[in-house]
Amino acid sequence: MDAIILQILNGLDKGSAYALIALGLTLIFGTLGVVNFAHGALFMIGAFCAVTLSRLLSLSHEVAVPGEVDFLGNPAMRDQPYAYDIFGEAWGAHIIDWAVPLSILFAIPVMILIGVIMERGLIKHFYKRPHADQILVTFGLAIVLQEIIKYYYGANPIPTPAPEAFTGSFDFGALIGFEANTIIYPYWRLVYFAFAAIVIGAVFAFLQFTTFGMVVRAGMADRETVGLLGINIDKRFTIMFGLAAAVAGLAGVMYTPINSPNYHMGMDFLVLSFVVVVVGGMGSLPGAVLAGFLLGILESFASMREVINIIPGINQVIIYLVAIVILLTRPRGLMGRKGVMED
Amino acid sequence: MSKGNLTRRGVLKTGAVAGAGLAVPTYLSAQESGFTNAPTGSTVTLGFNVPQSGPYADEGADELRAYELAVEHLNGEGDGGMLNTFSSKALQGNGILGKKVDYVTGDTQTKSDAARASAKSMIEKDGAVMITGGSSSGVAVAVQALCQEAGVIFMSGLTHSNDTTGKDRRANGFRHFFNSYMSGAALAPVLAANYGTDRKAYHLTADYNWGYTTEEAVKSSTEALGWETVAAVKTPLTQTDFSSYIAPVLQSGADTLILNHYGGNMVNSLTNAVQFGLRDKQVNGKDFQIVVPLYSRLMAKGAGANVKGIFGSTNWHWSLQDEGSKAFVKSFGTKYGFPPSQAAHTCYVQALLYADAVQRAGSFEPCAVVEALEGFEFDGMGNGPTLYRAEDHQCFKDVLVVKGKDNPSSEFDLLEIVEVTPVDQVTYAPDHPQFAGGALGTCNNGA
Numbered sequence: 089m090d091a092i093i094l095q096i097l098n099g100l101d102k103g104s105a106y107a108l109i110a111l112g113l114t115l116i117f118g119t120l121g122v123v124n125f126a127h128g129a130l131f132m133i134g135a136f137c138a139v140t141l142s143r144l145l146s147l148s149h150e151v152a153v154p155g156e157v158d159f160l161g162n163p164a165m166r167d168q169p170y171a172y173d174i175f176g177e178a179w180g181a182h183i184i185d186w187a188v189p190l191s192i193l194f195a196i197p198v199m200i201l202i203g204v205i206m207e208r209g210l211i212k213h214f215y216k217r218p219h220a221d222q223i224l225v226t227f228g229l230a231i232v233l234q235e236i237i238k239y240y241y242g243a244n245p246i247p248t249p250a251p252e253a254f255t256g257s258f259d260f261g262a263l264i265g266f267e268a269n270t271i272i273y274p275y276w277r278l279v280y281f282a283f284a285a286i287v288i289g290a291v292f293a294f295l296q297f298t299t300f301g302m303v304v305r306a307g308m309a310d311r312e313t314v315g316l317l318g319i320n321i322d323k324r325f326t327i328m329f330g331l332a333a334a335v336a337g338l339a340g341v342m343y344t345p346i347n348s349p350n351y352h353m354g355m356d357f358l359v360l361s362f363v364v365v366v367v368g369g370m371g372s373l374p375g376a377v378l379a380g381f382l383l384g385i386l387e388s389f390a391s392m393r394e395v396i397n398i399i400p401g402i403n404q405v406i407i408y409l410v411a412i413v414i415l416l417t418r419p420r421g422l423m424g425r426k427g428v429m430e431d
Numbered sequence: 157m158s159k160g161n162l163t164r165r166g167v168l169k170t171g172a173v174a175g176a177g178l179a180v181p182t183y184l185s186a187q188e189s190g191f192t193n194a195p196t197g198s199t200v201t202l203g204f205n206v207p208q209s210g211p212y213a214d215e216g217a218d219e220l221r222a223y224e225l226a227v228e229h230l231n232g233e234g235d236g237g238m239l240n241t242f243s244s245k246a247l248q249g250n251g252i253l254g255k256k257v258d259y260v261t262g263d264t265q266t267k268s269d270a271a272r273a274s275a276k277s278m279i280e281k282d283g284a285v286m287i288t289g290g291s292s293s294g295v296a297v298a299v300q301a302l303c304q305e306a307g308v309i310f311m312s313g314l315t316h317s318n319d320t321t322g323k324d325r326r327a328n329g330f331r332h333f334f335n336s337y338m339s340g341a342a343l344a345p346v347l348a349a350n351y352g353t354d355r356k357a358y359h360l361t362a363d364y365n366w367g368y369t370t371e372e373a374v375k376s377s378t379e380a381l382g383w384e385t386v387a388a389v390k391t392p393l394t395q396t397d398f399s400s401y402i403a404p405v406l407q408s409g410a411d412t413l414i415l416n417h418y419g420g421n422m423v424n425s426l427t428n429a430v431q432f433g434l435r436d437k438q439v440n441g442k443d444f445q446i447v448v449p450l451y452s453r454l455m456a457k458g459a460g461a462n463v464k465g466i467f468g469s470t471n472w473h474w475s476l477q478d479e480g481s482k483a484f485v486k487s488f489g490t491k492y493g494f495p496p497s498q499a500a501h502t503c504y505v506q507a508l509l510y511a512d513a514v515q516r517a518g519s520f521e522p523c524a525v526v527e528a529l530e531g532f533e534f535d536g537m538g539n540g541p542t543l544y545r546a547e548d549h550q551c552f553k554d555v556l557v558v559k560g561k562d563n564p565s566s567e568f569d570l571l572e573i574v575e576v577t578p579v580d581q582v583t584y585a586p587d588h589p590q591f592a593g594g595a596l597g598t599c600n601n602g603a
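These protein sequences, in sequence, are chains A and B.
So the mapping is simple: my numbering equals the position in the first sequence, first residue as 1, plus 88.
So the mapping is simple: my numbering equals the position in the second sequence, first residue as 1, plus 156.
Just so you know, these hints were derived from the structure itself, not from any lab.
Here the structure is a predicted model, which means the values were calculated and not measured.
Hints are not guaranteed to be accurate.
[What the hints assert, rightly or not] Incomplete in silico selection of chain A near chain B, CB under 8 Å:
id : residue
1  : Asp173
2  : His219
3  : Thr270
[Claimed, not checked] Cβ-to-Cβ under 8 Å is the rule here; a few derived chain A residues that face chain B:
id : residue
4  : Lys238
5  : Ala243
6  : Ile246
7  : Ile272
8  : Pro274
9  : Ile346
10 : Asn347
For glycine and all other residues, C-beta sits at the position ideal for the given N, C-alpha and C.
With the hints as extra help, turn the sequences into a complete structure.
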């Protein structure tokens with residue numbers, strides 16, 4: 089029982105990341121009809137927003153360390169962050185420590201801007217082109233973006249830790265009556281899950297309860313009629329692209345303490361996120377979220393030693409097996425609507 | 157009127173295909189010198205095949221820096237680096253056999269097929285007489301086999317799998333870097349001394365060749381000292397989040413986690429393990445411990461503060477105080493502004509060892525070079541007295557056991573040396589079961 093609870097918990101944070109990326113993908117597909125293979129790269133750029141802010145906050149100047157020498161025998165120097173000079177050592181250290189959560193504020197405008205530039209500069213030229221063209225151009229864009237990041241940040245993973253207050257893990261087992269240390273869960277993963285729930289809730293609320301959201305939903309249902317009513321739906325869809333980029337970016341920002349970011353991390357999530365979208369049902373926002381969590385949890389279960397011992401290699405194929413079963417039984421996915429991508 | 161089968165286009169196509177077929181395998185065609193790519197002019201070309209893209213691009217960049225430094229020193233430029241401390245005095249700083257050293261580079265991408273393609277191109281198009289470099293055992297084994305067929309020498313870079321000089325060994329291939337067996341043999345006594353002989357270990361192992369040999373080596377070494385292996389779980393090479401593999405570790409009753417991972421796998425699995433608070437736990441009345449059998453500085457950098465206090469092994473470290481290491485660190489540090497990695501060190505040494513062997517042999521002919529390297533004993537290259545064993549072309553030298561530093565003074569100062577394990581403790585018989593199933597065969601001159 090404890091092992092099952094443990095894997096459900098593990099699946100939640102992985103599912104959170106899948107759900108956030110798949111939500112953005114579905115938003116773009118639902119509004120613009122574009123299959124965006126650069127969406128994983130937006131997740132990666134979000135993570136690098138956290139790296140960048142962390143580096144900006146840690147910008148340092150050298151101060152001599154009396155009585156010590158460096159590896160070449162020259163007088164040793166130590167990096168002193170400017171933040172210490174400006175805010176004092178204690179506050180400076182706190183600000184640097186909280187770089188990842190602070191990056192949320194930095195990432196939102198950056199990601200919206202990148203999303204809008206991407207849509208206006210490249211993707212809008214492919215609206216009327218076949219999906220295959222869209223996939224090719226967005227996949228090419230993803231490679232360009234990741235190579236740019238690699239050029240400036242290198243290929244090595246960059247450690248971007250969570251604030252000190254969130255290091256360590258929480259003994260969930262002890263809380264619900266199991267033996268100590270049987271169900272442990274890192275604090276930051278709980279934060280990630282809660283954060284994902286808030287972002288997903290905010291996106292749904294935005295679409296459900298604002299006039300802007302209402303127009304977008306109407307546009308998703310019948311773009312032509314909304315246009316005929318004199319509403320500039322293209323402009324709103326561009327903003328939605330920016331919003332989807334921001335959602336992916338935020339997912340990336342908060343993911344950095346879980347796994348040190350590298351230039352390739354977007355690709356690692358991209359394929360799985362597409363499976364999530366297809367399983368959830370193309371164009372269905374609740375479907376994307378549901379499938380994200382479902383597949384995240386299933387993937388965790390399949391990684392259990394007991395399961396691998398019975399079916400070796402199941403951990404590597406479980407998501408695809410489930411996708412096949414769901415698509416065979418429900419060809420439109422879990423919550424797919426009739427008519428989407430069926431023309 | 158019927159058309160004949162012979163058309164102008166058909167003739168052209170056939171001609172082109174036949175021409176290409178005759179031209180491509182140049183290294184298979186006979187040469188007057190009797191061996192592949194015999195240098196005829198005033199220069200000799202070496203091929204540096206390193207990952208310039210892909211996940212190990214940073215490690216590859218450091219390897220390339222080391223090779224460029226080696227070329228400088230071989231050509232008599234710079235301060236001479238380890239040429240001043242190398243026990244063999246055959247090299248004079250005037251190139252190799254009087255020929256100026258030139259080089260070409262290839263990008264392995266850390267993919268076997270890409271690495272073979274770039275090595276092939278350097279041999280066939282650029283006339284490289286020796287191929288060296290790489291950051292993966294899969295790549296090393298693949299390129300080594302290619303060099304054997306092509307009749308050129310392969311001086312491997314960073315490759316740690318037993319198989320490179322075990323079941324996949326080749327007469328034309330040589331490894332200076334240490335291997336999985338040596339890691340296990342060096343680490344186990346230090347682990348026993350620090351953590352006791354009554355430990356229950358849980359292995360997470362990268363699901364590919366290097367992972368298997370490392371798991372086997374560490375398992376057999378630790379079990380010989382009394383440790384019990386509770387479980388050994390294979391993890392996919394493409395895995396990025398290891399939480400579902402790490403979470404069950406405490407439930408298994410294990411009190412030690414051994415991460416047979418390298419590169420991004422190691423960075424992520426260690427980060428996840430620390431996040432799950434494993435190191436703060438007490439199991440079986442003991443503090444829970446994590447071990448990383450193969451460390452690299454670039455990995456330690458990626459894992460950040462998570463490496464603090466964690467034991468592992470390494471081939472070389474820039475803080476060593478022998479004359480060879482100091483000379484190399486000084487040359488490299490002066491040129492590039494930071495200390496070299498172990499990958500840079502092994503590549504630099506391999507370039508010098510090849511050049512020295514050619515100089516002593518008096519010829520670039522691969523079989524003469526093989527003969528000069530087999531059984532060659534040397535010193536002054538940073539690892540103490542070293543032997544290039546004739547039976548398997550593996551270097552035998554001291555191995556370093558290191559630990560993540562608690563208070564690093566810079567981004568390069570992440571590991572501290574805990575013990576220099578003497579070579580005798582890591583030496584094994586050529587027919588050891590972990591290296592069984594291979595044979596060097598005969599050297600190939602190519603022509």
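Can you give the numbers of the hints that this structure goes against, from lowest to highest?
1 and 2
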